[in-house]
Structure formats: C-alpha cells, structure tokens
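Keeping their order, the protein sequence lines are chains P and E. Quick note on our numbering: the first sequence kicks off at -8 and runs consecutively. Quick note on our numbering: the second sequence kicks off at 365 and runs consecutively.
It is worth saying that the hints were derived from the structure and are not from the lab. Everything hinted at is true.
Partner residues are not named here, just some residues of chain E that face chain P (Cβ under 7 Å, in silico): (1) E547; (2) L555; (3) P558.
Glycine included, C-beta positions come from ideal geometry on N, C-alpha and C.
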Amino acid sequence: MTTTAPPAARSLETVGLTKSFGGVHAVRDATVTFQPGKINALIGPNGSGKTTFFNCVTGMIKPDAGSVTFHGEDITRRPPHRIARAGIGRSFQLCRVFPRMTVLENMLVAVSRSRFRELLKGAHNPEEIDKARALLVRVGIDHLENTEARNLSYGQQKLLELAGVLMGDPDTIMLDEPAGGVNPALIGRIGTLVQELNAEGRTFLVVEHNMDMVMSLSHHVIVFDRGRPIAEGTPDVVQSDPRVLEAYLGV
Amino acid sequence: MALVVGVALVLSFPTIAPNPYILSAGIVVLSYACTATAWNFMGGFTGYVSLGHAAFFGLGAYGTGLLIRDVGLPSFAAWLLAGALVLLITIPVGIAALRVRGASFVIVSISFVLILLLVFQGWGSFTGGSDGLVVPRPFPDMLRPQHHETFFYLFAALLTVMLVVWWLIDRSRFGTGLKAVREDEDKAQALGVPTRNYKLVAYVVSATFTGLAGGMYALWFGDLDPIFQFSIMLGAYMVLMALLGGVRHLFGPLLGAFIVGTGLEYFKLEFGDTQFHLVAAALLLGAVVLFMPDGIIPAVTGLVRRFGPQESSIREVTAAELLERNGGTSPVPQPGATAGSDGSRTTSEAAPPDPNDEEDPR
Ligand SMILES: Nc1ncnc2c1ncn2[C@@H]1O[C@H](COP(=O)(O)OP(=O)(O)OP(=O)(O)O)[C@@H](O)[C@H]1O
Ligand SMILES: [Mg+2]
Chain P
-8 MTTTAPPAAR
2 SLETVGLTKS
12 FGGVHAVRDA
22 TVTFQPGKIN
32 ALIGPNGSGK
42 TTFFNCVTGM
52 IKPDAGSVTF
62 HGEDITRRPP
72 HRIARAGIGR
82 SFQLCRVFPR
92 MTVLENMLVA
102 VSRSRFRELL
112 KGAHNPEEID
122 KARALLVRVG
132 IDHLENTEAR
142 NLSYGQQKLL
152 ELAGVLMGDP
162 DTIMLDEPAG
172 GVNPALIGRI
182 GTLVQELNAE
192 GRTFLVVEHN
202 MDMVMSLSHH
212 VIVFDRGRPI
222 AEGTPDVVQS
232 DPRVLEAYLG
242 V
Chain E
365 MALVVGVALV
375 LSFPTIAPNP
385 YILSAGIVVL
395 SYACTATAWN
405 FMGGFTGYVS
415 LGHAAFFGLG
425 AYGTGLLIRD
435 VGLPSFAAWL
445 LAGALVLLIT
455 IPVGIAALRV
465 RGASFVIVSI
475 SFVLILLLVF
485 QGWGSFTGGS
495 DGLVVPRPFP
505 DMLRPQHHET
515 FFYLFAALLT
525 VMLVVWWLID
535 RSRFGTGLKA
545 VREDEDKAQA
555 LGVPTRNYKL
565 VAYVVSATFT
575 GLAGGMYALW
585 FGDLDPIFQF
595 SIMLGAYMVL
605 MALLGGVRHL
615 FGPLLGAFIV
625 GTGLEYFKLE
635 FGDTQFHLVA
645 AALLLGAVVL
655 FMPDGIIPAV
665 TGLVRRFGPQ
675 ESSIREVTAA
685 ELLERNGGTS
695 PVPQPGATAG
705 SDGSRTTSEA
715 APPDPNDEED
725 PR
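This is chain E alone, in the form it adopts within the complex (with noise of 0.2 Å):
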C-alpha cells in the first residue's frame, strides 16, 4: 500500500514539480538514491564499508562520456559498455581489496578513489582534466523540461532495476551467505560458504549499478569534473545515506538518499557554495551512528512496535503465550534501534523456563 503510494508520487513528481530547478533536484535526489542502493549491495549484505564507491561513479561517468566523444558510441550504447567496464575493471580491483577486512579494506577503498581522482585530473590530454569533459547529450532537440522529465524517468528505472536485484538477493541463498559474511565471517566459511567469491560477486555487482548511475548522469548534466566525479564526499555521502535509512531495508538507502539529497539540495539553494552542508552532513552522520545505529526504518517500527496496540513485551509474557506467538507465523518482535535497555532482551528474558537457560560463561 505504502509502496503503491510511494511509486505513484515517485512518477508523477515531474508533472508536478513546480519549476525545472525543483524537477533538477528531483533527479540529484534519484541519482543519490541509485548510488546509494547500489552502495548497499556491498555495505549491506557483506558489512564492508567501502568509502570510495565514488571511484566507480567517475570511472562509469568518464567512460561513458569518453566513449561517445573519442569513440563515437551512440550515447545509451556508450554507457552500457561504459557499465560493462566499470564490472571488468572491478575484478581484479575486488581480489585486491578484499584480502583485508575491516579499517583497512575502508583505508584500501579511499586509496583507490584518491589514486583515481589524480589519474584523471593530470592525464588532462585525455579527460580533459580540471577544465572538465563535456558529454554530448543523447537528444540533442529536446527542451530544457523535457530533458530533465526523460531523465528523471531513466534514473527511476534504473533504481528500480536495483531494487528489484537487491530484493532477489536478499532473499536467495546467495544473500544469505553474503549476511552471513556479514555477521562472522570465518564462521561462514567454516560452514562451507566460499566467501571470498561470495564477497567479490556482492562487490563487483555493487561497483557496477554505481557506474551505471554514474554513466546516466554524465549522460543528464553533460560535464564531468574528477573533483565532482572521484570525490571522497560522494562515497561518504553514500554511506550516510545507507547508514540513516537502514542498511538491512530494501528501502533504507532510498529514504536516506531522500532525506540527505534533499537536505542538500536545500542548502545549496538557502546558502549557495559555502559549507554548510557539510557541516550539517557531518552531524547527522554523528546522529545516526550514536542514536540509530540500525538507521531510519528499525527506529521508526521498533517504535511504532512498542507503542502499537497488540505489543506486549513490556508486561511479563506468560510461558504460555510466548510458546503460542514463537509457534505461530506471527514473527517475534524484533528489538528496535532504539529500544535498547528496555526492549531488546525482552523477548529472551520472557522466554519459558528452558532447562537450556544456564548462566552465561562470559
């Protein structure tokens, strides 16, 4: 239902978008929202963080402008093939990155968007360097409006595609392992889940949707800068917004995109150039981490959970009726973010007296 609703205001937001400023912030927010859900691929299921996913934004972005101006592609071919690359490329810089885990995979990670940001702003000759790259536009006879309306279209498109991807691997086994991965890695292994590959799939699957959304956008803005495209913010950006929505959602990268995008695009209007953003960025990104670790939406169903009519957990559950509610299809409540002392071990400490409960060793 709220999906029905959501994807209904999604689509008619070009028609009623007031003026082509607002229908261009529209499409920054998608696109955010593509970068993000592409990001979760690999920060979701797997729990690396990678913080320089702008790498593969720039490098989909570079390609797909290169390869219409020196190759001469027709432009959506270009950026298909630019998309193609990007996953190539991914291989062997996936092997390399995964032999570590932890700090030093997000350390592995920025290295390569900073080496990458070098490449293209000195081998000028090429990129065009600093002074940019201009990408010709695939309709050259459309209008202003009509350009961004196509374009906020092809980028809702494409999330979808994301979406859907990411719905299916959540629910395969092919996600399970890549959870699992997530949870304890050599736990996983020991299980018999090859997590290497696991780990690369998830991570070239990842790279590849976010030179995609880099590609539609150097298709859509038409100038490309390694500044803007290889830029360390836009991969913290990407984390942010998969951290505030909720890594573990389908939805969580989209809201949080949602909501920074917005705010962003808020700031540069209300303040111009001047900092602001960042500022306002870094804060919430302080927020997230010390009050919603879970991001956005286990918050905001742990709450509505806790203050919902049928939730019980704060009175003392019976054995009986605990038994009757984990038998049943009724899943146990879920411990919210937020719910913290109160709620989280409610379930367990409730449970029927279990000649399993012993002290805990630790």
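The following block holds chain P by itself, in its conformation from the complex (with noise of 0.2 Å):
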C-alpha cells in the first residue's frame, strides 16, 4: 500500500539558515544536518524557533539568510507546493486540517509529484481513494470518513492529518508537535506509527517537548536554544549535555 521510500542517500541540511522577526533574532546562523532514515528530535525551550525553522525549510516563510538542501538540491526560497512535492510533508503545530471538508476529501487533497499530471484527468480516480482509505484504517479513522473535520475531536483531528501528509507520498516527513495536547494513549499511537514509518524508510524530523516521547523515539537528537543548535547526539549524550540543562533551567 505504502511505497516505501528508496534509500537513505537523500538528506536534508541547512546552512547559516537565519530568519528575524523585527528585533526578534527567530532563528540566527542555524546549520543543522539531519540524519537520513532516522527519527530525528528538535527540542529546545519555548521561543527558541523550532516553529520558525520547520517553516523555513517547508518555504512557508522566506529565510533572510543561509540555505536549505534536499536531495542535494538547493530548495531555498521554493514555494512550499514545489518543497511539498519535492518529498517533504509536514504537520503544524496547531493540528491543521480542512473544517468543512470530509475526512475522506481532507485525504484526496495532498498531490504528489506522480499525482500531478493526473490532475487533469479530472476526478479522483478509485485507486487513490482506495489508498486513502487505507491510510485511515492505519491512523484508526476510518470509520470517519464521511464526517466533516470540525467535528472530529483534536486527537482525531491530528491523526488525520497526518494521514493527510502520507497522503503526498513524502520521504521526509516533519512533525511539529505530534504529541501536543492529546492524552497519552494517543501519543503512545502516533510514536508506533511514527517508528512504523521510519521502519519502512521514511526520515522523521519531530520538534517536541515530551521528553519521554522524544527520548524513547529519536535516534537523534538536535538541541535549539535562542535560534541556533547548541548540541546534538543520541538521547542519552543530549541528556547529559550541561549546555542543555542550562538551556532548560535557564541559568
């Protein structure tokens, strides 16, 4: 059902990336490599641009300096459909889905790179719609599919996007928060599904606060602190890494 995605030789890095608000320093000279294949963590207190670096990359906000490589290819400044197709998804930090669409329309929306010329063929054709049903069986919303979005509960609404995403096909795939205001079962969930996907090829790039989450999940870690990395490794190097504890407890 999934393609998976080809081998790990693709990756994506930034350089020097820089983005200011104003006064406010969002994200300054940031040069991040992340590991291709691998559950990679972004952590870092609130503030510190983690939001404002995934919209970089994904071309929704237009960098002031630095660069953003995928594939080897320069994508900066790519408007965000083109970043999209190229193979990036992403989640946003409040669960965005489409209110007044079905959850099964919600599904048919992504377009893929292959799925583009097909656009005019016209309608959706059976197998992609079998596809997306079978991405809802998967997150467990199938039984869902004719509801509107606005009224799915949040849980709901954030397995569904992420259904969404896969939707597109993306090779990388970067969450902004996944555990962000659901319950526990549920974020027991989406970390198997998150490891499921990995398992089949898929390079994960998850910004978020839940320390269990992050340290039973990503195989490693990057650590942002006022717009830049100050340290990375595996959990358990991070963990330890007095530049992060004070970058936590604000000494």
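Using the hints, put the two chains back together into the complex; each one sits in its own frame.
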C-alpha cells in the first residue's frame, strides 16, 4: 500500500539559516544536518525558533539568509507546494485540517509529484480513494470518512492531519509537536506510527516538548536555544550535556 | 426528479409566460443566474469574494457591442471573441489581484470595476460614454416576443454549460484543491497544491463566464450604459444571490438568483424607479449573513433531516449504531447552517468512546 521511500542517500540540511521578525532573531545562523532514514528530534525551550525553522525549511517563510538543501538540491525560497512535491511533508503545531471538508475529502487534497500530471485527468480515481481509505484504517479513523473534519475531536484531527500528509508520499516528514494537546494513549499510538513509518524508510524530523517521547523515539536529537543548535547527539548524550541543562533551566 | 421538473418548468416558461414583459423579466432572472453561477466559480470554490465581477460583465457586454459596431463581426462571433478577450485580460488582472487575500482582495476587485467605469464613461468617443452604446440586434427580422423567446433559450443554454462545468470541477482533483484553498490556503500549499495557479484558473474561468453573460445581455438588450454595466450593485447582487442560495451547492446561485431576481423585478414593477429594491436587498443580505451563513439549500436540507423520519440525532445514539452508520454508505448527517447549537456537534459528541478523545488543548 505505502510505497517504501528510496534508500537513505537523501538528506536534508541547512546552512546558516537566519530569520528575524523585526528585532526578534527567531532563527540565527542555524547549520543543521539531519540523519537520513532516522527519526531526528528537534527540542528546545519555548520560543527557541523551532517552528520558525520548520517554516523556513518548508518554504512557508522566506529566510533572510542561509540555504536549505534536500537530495543535494538547493530548495531555499522555493514555494511551499514545490517543496512538498519534492518529498517533504509536514504537520502544523496547532493541528490544521480542512474543517468543512469530509475526512475523505481531506485525504484527497495532497498532490504528490506523481499525481500532479493526473490532475488534468479530472475526477479522483479509485486507486487514490482506496489508498486514502487504507491510510485512514492505518491511523484508525476510517469509520469517520464522511464526517466533516470540524466535527472530529482534536486527537482525531491530529491523526487525520498525519494521514493527509502521508497521501503525498513524502520521504521526509516534519512533525511540529505531534504529542501536543493529546492524551497519553494517543501519544503512544502516534509514536508507534512514527516508528513504523520510519521502518519503511521515511526520515522524520520531530519537534517535541514531551521528553519521554523524544527519548524513546528518536535516534538523533538536536537542541535549539535562541535560534541556533547548541548540541546534538544520541538521546543519552544530549540528556547529560551541560549546555542543554543550562538552556532548559535558564541558568 | 426535482431536477427534471425544474428543467421542464424553465423550458416551458416562454410558452406559459402571459406577456412579453413577464418573459423579459424571466430573461433578466436567467441572466442573473448566469452571473451568480459564474461568480461562484471563484467565490464558492476558493472563498475569494469578488465584489467587482461586474467588471467582467461590462467588458463582455462592451466587447461584444464594439466588435459588432466597429469591426463589423457577426453577432455571435463578436460574442465569442469578446469572451476570449475577457479571458486574456483576466490573466494579468488575476495575477495582480490574487497577490492579496481576504478584505484586501475585496477592495482590489472593487477598484478594478470602478476604474473601468470611469474609463468607459470618460472615453465617450469610443464607448458612447453615458449616452450609451447601441448594439445591433443579431436577429433583425424577429418580432419582439420571438426575440425574447430566443434569448431566453440562449441564456438557459449558457447557464447549462456553466452548471455542467461547475459540476465537473466540483468532483475533480482541481475542485478538491480549490476547496482546500477556501478552507486553509497555507495548509493546502503545504500539501503540494499550487494554490496560486489554481486560484488564477478559477478566477479566469469565473470572469470569462461572467463576460459571456455580459455579451449575451448586450445582444439581447441592445443598449449599454457604463453606469449599469460596470456597477458595483450588479457585483453585489452576484454575491448576494450566491450566498443566499448556498455557495457550496451547484444550484445555490441559481436558486438565489431566482429569489433575488424575481424580487428585484417585482419591486421595479410595483414601485417603479424607487430605491426600495436596494433596501430590500440590503435587508436580505443582512438576514442571510446572520441566520443562514451557508445559504438556503443547506438550511433547508438541515431542517428536513432534523424533522425527517429516520433522523436520530436528537436522542442518544449508541456507539454500535453510530459505527454502523459511519461505516455504511449513508453519509453522516451534515449539520445544517441553522442547526448551530443543537445539531452541529451532535455526531461527534455521540461518537463511540475512543482512545483518541481527549481534552481540547485550547
Ligand atoms: N510571525 C511571527 N512574527 C513575529 N514574531 C514571530 C513570528 N513567529 C515567531 N516569532 C517569534 O520568533 C521566536 C521563535 O518562535 P517559534 O515559534 O519559532 O519558537 P518555538 O521554538 O516553535 O516555540 P514553541 O516551543 O513555544 O512552539 C519567538 O520569539 C516568537 O515570538
Ligand atoms: Mg513551535
């Protein structure tokens, strides 16, 4: 059902990425390399620029300086839809679905590179709908396919958002606080899904405040503070790094 | 079934209309239906509210008239060419106008129609200015009732084409993308939808159909004045009619046009050239926005569902029942616009106890 992403030669990296809002330096000179095929976590105190970093990488915000490279190709300042079609899918910190469309319609929005040409062919084809249904089964909300998304609970919306992103067949998936505002049972389920999808070959980049989830899930952790990475490594290494403790405790 | 009856009624209207005046009122209503449906290609799918769509109506009307008068083209060749010209003009206009969203887009759309109004009024030597432009009739030998009857069917045919195209887009990938733009444009883009191009195509289609409606009007009415062709009121009526009927529905604008158009013609007949019809239209707009934000069609279907025999949303639904209903082919009852407090959340609140249910973080 899901196409396995090609081997891990692809990678995502940024060099000197910088973005300020007025006087606020949200991201400054961030040079980060994510490990392909792994679950990368991006952590850091509130306001350390994680979401802004995400937005720069996915083209939602144009960075002031620096570059983003994906598959060895410079994607800096490309429009978001082209970055998405290149294979980077993302979720939003405050989960975003299309409220007045049904769950199934929500699933049919994503346009992957392969599907783009087919647009001209008109109506949604059966394979696509089957694929959407299979993904809904996978995240466990298939019984709601005809419900308008606004009538879903917040947790169900989060699952729908993830499933919708998967429709585009991204090989790299960026999640902004997947555990934010959801109950422990669902956190576990989302974690399992991420692991399964990673095992299929997809690279993950997860911003998360829930340390249990970060430590149990990720292979590689990058710590942001005041707009730039200050430490990185395996969960164990990062956990005992004095700079990280300092950033979090605000010494 | 209702569709067949509706079509039969429309088609037989010219034969049952008691006099040419009523028949011409019918044509006006149909032309409103054309403009409202054309508007809905942009307004309904993408949620971009253009108050200046009269610009394209006027361009289509004047384009047709001028191509006949000054170039000497046959009437319907002029009509088609004018439609093509509107299409070409709309591309740069759309690229400029669609750089902004929301209220700014509304303002840009109004300024465009105002600029055209001033140009067409001021450039009298070319457009006839406020003295008007007389458009030669396409069928000079026809008597008036026959002429009306012919144009009634021509407008009906144009409307049919629009409805078919709307229906096709509505169920296409392209349509899904446009609706996603309406719901959350940034999110749609993050999912790979080239939102700017999608909006532009919708805008051009919408404007071209509006222009064709304007050209048809010119051929029928035969006399153009910038103040009527490039009028903000005409643009506002398109918005009102589409909102009234329901912008998410194929026949929404048509229904709205029927109500508003009939109302306007009635007021003109009863009260002549007073401003009553404006007041009535304004009140109606207020009522729609306040009480039926989704328009008549969803409000009525919501009511029917609520009082219909098999609807069970008022009593408690067991988890098993709900699962069965959701799993089956029958769609989950959609909350009607007026259902608001009691109807709209019922389905989700009655949802089976689910591990995903947790507190809303907000
Ligand atoms: N659109 C914006 N306009 C102005 N300032 C902004 C904007 N977006 C972010 N900022 C500022 O940039 C800084 C970084 O914000 P960002 O949302 O990237 O942090 P974050 O690490 O995602 O925080 P959190 O963990 O709370 O989500 C903050 O000081 C924030 O106020
Ligand atoms: Mg954030």
